[in-house]
Amino acid sequence: NAGVTQTPKFQVLKTGQSMTLQCAQDMNHNSMYWYRQDPGMGLRLIYYSASEGTTDKGEVPNGYNVSRLNKREFSLRLESAAPSQTSVYFCASSTGDGIDGYTFGSGTRLTVV
Amino acid sequence: LAKTTQPISMDSYEGQEVNITCSHNNIATNDYITWYQQFPSQGPRFIIQGYKTKVTNEVASLFIPADRKSSTLSLPRVSLSDTAVYYCLVGGEGATNKLIFGTGTLLAVQP
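These protein sequences, in sequence, are chains A and B. Quick note: the first sequence uses our numbering, first residue 1, plus one each step. Quick note: the second sequence uses our numbering, first residue 1, plus one each step.
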């Protein structure tokens, strides 16, 4: 089925370790986004990519980096994980023209100990 | 970006119609209004989108008054499976199309 695929689904890291969350979409969407969601809270935008080759900061970018590898793929990297980064991470994509909204992946549940 | 305000929670019973209202006083001319549904441990799912007046699909209806400063999501005859968090967002085309999610409305449907 077409959609947004995130890997891994679960991950446990030790403080200070690094990792990359992968996201790929097969809908030929221009824009891609990374959000985090903490318990009982809404989603907060970390970074977004309006089009291939561009990335911009969202609400909570500190401690993260992103790469728009090509039109399909948008990765999120934690260089030195901290317990405050324990969260569920969602990747999303959209056409970028404001029509038909976002398509979200199923999420990556990250725990930093 | 337009900020949205919606109730934190609502309660309903199976078979009732539920209306969730969202205010967005600073909506821009080219902004669409979009509603999402999120179940626990899942990503949000697109429900419905509109620009003005009324939009209806197989899941819900969206009512938007002429001034577009608010919108109402209407869920007909809810069931237990409609228990979820509902988010209202506004956003449009261009570099600012990075929709900001609020805390949403937790709808609890009881038998």
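Any given hint could be a false lead.
What the hints assert, rightly or not - In the DSS-like style, the derived pairs of lysine-lysine whose C-alpha atoms are separated by at most 30 Å in a straight line are: (1) B:K3 to A:K57; (2) B:K3 to B:K54; (3) B:K3 to B:K69; (4) B:K54 to A:K57.
Unchecked claim - Computed beta-carbon distance windows for the label pairs: (5) B:E17 to A:G42: 38 to 48 Å; (6) A:A2 to B:E58: 13 to 23 Å; (7) B:L106 to A:S67: 29 to 39 Å; (8) B:G15 to A:N70: 46 to 56 Å; (9) A:S18 to B:E14: 26 to 36 Å; (10) B:K54 to A:R77: 38 to 48 Å; (11) B:K52 to A:E79: 40 to 50 Å; (12) B:Q16 to A:S80: 47 to 57 Å; (13) B:E14 to A:N70: 18 to 28 Å; (14) A:F10 to B:I8: 27 to 37 Å; (15) A:E59 to B:A108: 21 to 31 Å; (16) B:Q110 to A:E52: 41 to 51 Å; (17) A:G42 to B:A28: 15 to 25 Å.
No lab work stands behind these hints: they were computed from the structure. Just so you know, even glycine gets a beta-carbon here, dropped at the ideal spot from N, CA and C.
Hint check:
no., hint, in the structure
1, B:K3 to A:K57, "18 Å, holds"
2, B:K3 to B:K54, "21 Å, holds"
3, B:K3 to B:K69, "11 Å, holds"
4, B:K54 to A:K57, "34 Å, violated"
5, B:E17 to A:G42: 38 to 48 Å, "25 Å, violated"
6, A:A2 to B:E58: 13 to 23 Å, "19 Å, holds"
7, B:L106 to A:S67: 29 to 39 Å, "35 Å, holds"
8, B:G15 to A:N70: 46 to 56 Å, "48 Å, holds"
9, A:S18 to B:E14: 26 to 36 Å, "48 Å, violated"
10, B:K54 to A:R77: 38 to 48 Å, "44 Å, holds"
11, B:K52 to A:E79: 40 to 50 Å, "45 Å, holds"
12, B:Q16 to A:S80: 47 to 57 Å, "50 Å, holds"
13, B:E14 to A:N70: 18 to 28 Å, "47 Å, violated"
14, A:F10 to B:I8: 27 to 37 Å, "29 Å, holds"
15, A:E59 to B:A108: 21 to 31 Å, "28 Å, holds"
16, B:Q110 to A:E52: 41 to 51 Å, "47 Å, holds"
17, A:G42 to B:A28: 15 to 25 Å, "21 Å, holds"
Hints 4, 5, 9 and 13 from the earlier list are contradicted by this structure; the remaining hints agree with it.
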